[in-house]
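From just these sequences and the hints, can you work out the full model?
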Amino acid sequence: MKGVLHLAKSAVHGNNKKLNVREIIQEKKKSRSVNNVTEKLIPKILFGIAAISVLTTIGIVLTLLTETIAFFKDVPFIDFFTGTKLKPLGENAVFGVVPLLTGTIISSAIAMLVAIPIGLMTAIFLSEYASEKLRRMLKPLLEILAGIPTIVYGFFAFTFVTPILRSIIPGLEPTNILSPGIVMGIMIIPMVASLSEDAMSSVPNAMREGALALGATKLEVTWKVVVPAAISGIIASFVLGISRAIGETMIVTIASGSSKNFTFDVTQSMQTMTAYIVEVTGGEAAAGTTLYYSLYAVAMTLFVFTLIMNLIAQYISRRFREEY
Amino acid sequence: MKYVDSTQVHKKMGSRLFANNLAKTLFFLATLFGLVVLVILIYRVLADGLGWINFDFLTNRLSTDPERAGIWGAILGTLWLMLVVAPVTMILGVGTAIYLEEYAAKGRISSFIKTNISNLAGVPSVVFGILGLTVFARALDLGSVVLAGGLTMALLVLPVVVVASQEAIRAVPQFLREASYGMGATKWQTIKNVVLPASLPGILTGVILALSRAIGETAPLVVIGIPALLIPVPDGIFDKFTILPVQIYYWTIDSALVAEYANLAAATIVILLIVLFAMNSIAIMIRNKFQKRF
Chain Y
0 MKGVLHLAKS AVHGNNKKLN VREIIQEKKK SRSVNNVTEK LIPKILFGIA AISVLTTIGI
60 VLTLLTETIA FFKDVPFIDF FTGTKLKPLG ENAVFGVVPL LTGTIISSAI AMLVAIPIGL
120 MTAIFLSEYA SEKLRRMLKP LLEILAGIPT IVYGFFAFTF VTPILRSIIP GLEPTNILSP
180 GIVMGIMIIP MVASLSEDAM SSVPNAMREG ALALGATKLE VTWKVVVPAA ISGIIASFVL
240 GISRAIGETM IVTIASGSSK NFTFDVTQSM QTMTAYIVEV TGGEAAAGTT LYYSLYAVAM
300 TLFVFTLIMN LIAQYISRRF REEY
Chain V
0 MKYVDSTQVH KKMGSRLFAN NLAKTLFFLA TLFGLVVLVI LIYRVLADGL GWINFDFLTN
60 RLSTDPERAG IWGAILGTLW LMLVVAPVTM ILGVGTAIYL EEYAAKGRIS SFIKTNISNL
120 AGVPSVVFGI LGLTVFARAL DLGSVVLAGG LTMALLVLPV VVVASQEAIR AVPQFLREAS
180 YGMGATKWQT IKNVVLPASL PGILTGVILA LSRAIGETAP LVVIGIPALL IPVPDGIFDK
240 FTILPVQIYY WTIDSALVAE YANLAAATIV ILLIVLFAMN SIAIMIRNKF QKRF
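Chains as they are written, first to last, in numbering that gives the first Met the number 0: chain Y, 0 to 323; chain V, 0 to 293.
The hints are simulated quantities; they were obtained by calculation from the structure and are not laboratory data.
Predicted model, so just to flag it, every value in this text is computed and none were measured.
Careful: at least some of the hints might be erroneous.
Straight-line alpha carbon distances no greater than 20 Å define the calculated SDA-like cross-link-like pairs of lysine to any residue that follow [to be verified]:
1. Y:39 with V:105
2. Y:138 with Y:201
3. Y:84 with Y:288
4. Y:138 with V:105
5. Y:29 with V:105
6. V:23 with Y:215
7. V:186 with Y:37
8. V:239 with V:78
9. Y:43 with V:189
Take a look at the structure:
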């Protein structure tokens with residue numbers, strides 16, 4: 000463009016620079032070659048940037064793997080996964096991950112006992128019963144609930160829910176697994192609700208109308224038509240909720256204490272895998288000790304657990320999706 | 000003669016309609032449950048903390064004495080942290096999104112990167128903390144400083160930015176790109192001058208939401224190693240630091256020893272929630288005001 004303009008100008012004004020056509024073409028070529036270099040370079044730079052996310056995953060897996068292997072040189076694999084005694088400090092340290100596994104599984108189970116029914120009912124109400132106006136009012140409020148940092152839920156569990164539970168259940172310890180489990184469930188409700196609601200909203204109206212025309216009540220339409228049709232999305236939301244509960248850290252760290260006893264009693268303090276990681280790193284374990292390596296072995300177990308859950312969720316929502 | 004016995008129908012319908020109404024009430028109560036908890040939570044935090052918020056609380060340094068303790072260090076730490084997280088996560092996130100949406104051929108590599116990002120979003124934050132501890136704090140020998148924490152956080156919230164940017168870029172209609180090509184622009188010129196400006200509101204919304212997630216995140220930074228009582232305030236990205244959520248954490252667990260620490264934690268939560276609320280409002284405002292529908 001510039002070249003052409005220049006040419007036109009010089010033709011009119013008789014020009015001061017005296018560029019002939021050949022020079023203009025040369026100049027144009029030069030700027031185009033600069034452009035060509037950028038055009039070729041940019042995709043490569045962007046690819047490099049996109050690769051960083053892959054590098055992050057590789058970084059996570061590699062750091063966990065190398066230190067976990069070092070850990071299993073000190074502690075046999077079988078002892079770690081079947082050991083019901085965990086005593087990481089002091090002499091005669093014993094590393095059995097079972098107490099942490101039961102802590103994680105029990106707290107997640109309590110959370111899902113709260114989150115699945117309430118989350119699903121919320122989703123049904125929002126998708127099937129609520130008017131458009133009510134839904135538009137309720138959804139942002141649920142999003143606020145979802146946006147509250149987990150540390151705030153931890154504070155809530157420790158200073159509010161636990162004292163209330165203790166007045167109801169005598170013998171409940173000041174730090175116990177029940178209270179963080181319940182609060183974790185409350186935290187996961189919005190996630191289950193919004194993912195399930197998405198699944199139910201995508202069921203076509205024709206199916207609802209067909210059932211209504213046959214004389215079904217709204218409850219029957221919901222339970223026998225909409226929920227079965229949306230079941231893949233609903234179950235995927237449950238699995239993602241479980242994965243979230245397994246990986247949740249601050250609520251259990253604050254409200255469940257650091258007892259490493261192997262127990263199934265929910266009124267007792269239990270430690271989850273996440274809480275163990277926080278406790279050990281907070282104590283600044285010296286690099287190279289078995290205690291330090293145990294951190295990575297536990298983190299690796301946690302990583303594998305949540306990865307499996309996420310893959311299951313992806314598989315369910317892809318494999319069993321019904322297309323309408 | 001009647002083919003349908005209406006009394007029978009009414010008898011049968013009665014219980015079914017009753018079940019329907021019962022279920023409706025139940026579903027409504029379940030929906031209310033979450034909201035009631037939200038109200039109680041906010042009420043509790045305000046009741047415990049509001050009385051402790053004053054100018055001194057905001058501008059004092061940390062102290063073991065609850066009367067003199069303030070969160071100036073945590074506020075500065077949070078700001079410094081965001082100063083690292085924002086540019087890093089924006090460059091990485093938007094770059095990845097542009098690559099995936101504009102350059103990558105729909106094939107193995109791009110679907111691999113996409114799967115990888117969605118799996119990365121599911122990795123527990125505490126595991127990112129371990130990555131930060133091992134790679135940034137120890138292997139690169141940064142220590143538990145702002146830069147190490149910021150890089151960790153940037154990777155943690157990266158999926159949020161990538162997904163939001165991808166959606167924003169995808170929403171730019173094809174005819175805008177074609178018009179740009181038609182004027183003789185190259186691919187990068189088209190992206191730089193047409194696609195990015197058009198998708199900027201969506202991208203910014205995503206970045207702000209990602210930052211608000213980073214501000215509330217505690218576990219990775221505790222793992223990297225933030226001391227419980229850090230009195231000096233950070234002056235740069237190579238200083239040790241603390242942030243609001245970590246301060247809440249330490250005050251909450253120590254409230255078993257000193258009861259007033261619970262009030263300090265609640266007061267800090269109020270500040271944190273105000274910041275989060277402001278950020279989310281800005282994000283919604285940008286989305287509503289600047290987003291063009293094509």
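Here's how the hints hold up against the structure:
no.: 1; hint: Y:39 with V:105; result: holds, 19 Å
no.: 2; hint: Y:138 with Y:201; result: holds, 17 Å
no.: 3; hint: Y:84 with Y:288; result: holds, 19 Å
no.: 4; hint: Y:138 with V:105; result: violated, 35 Å
no.: 5; hint: Y:29 with V:105; result: violated, 33 Å
no.: 6; hint: V:23 with Y:215; result: holds, 15 Å
no.: 7; hint: V:186 with Y:37; result: holds, 10 Å
no.: 8; hint: V:239 with V:78; result: holds, 13 Å
no.: 9; hint: Y:43 with V:189; result: holds, 17 Å
In this structure, the earlier hints numbered 4, 5 are contradicted, and the remaining ones agree with it.
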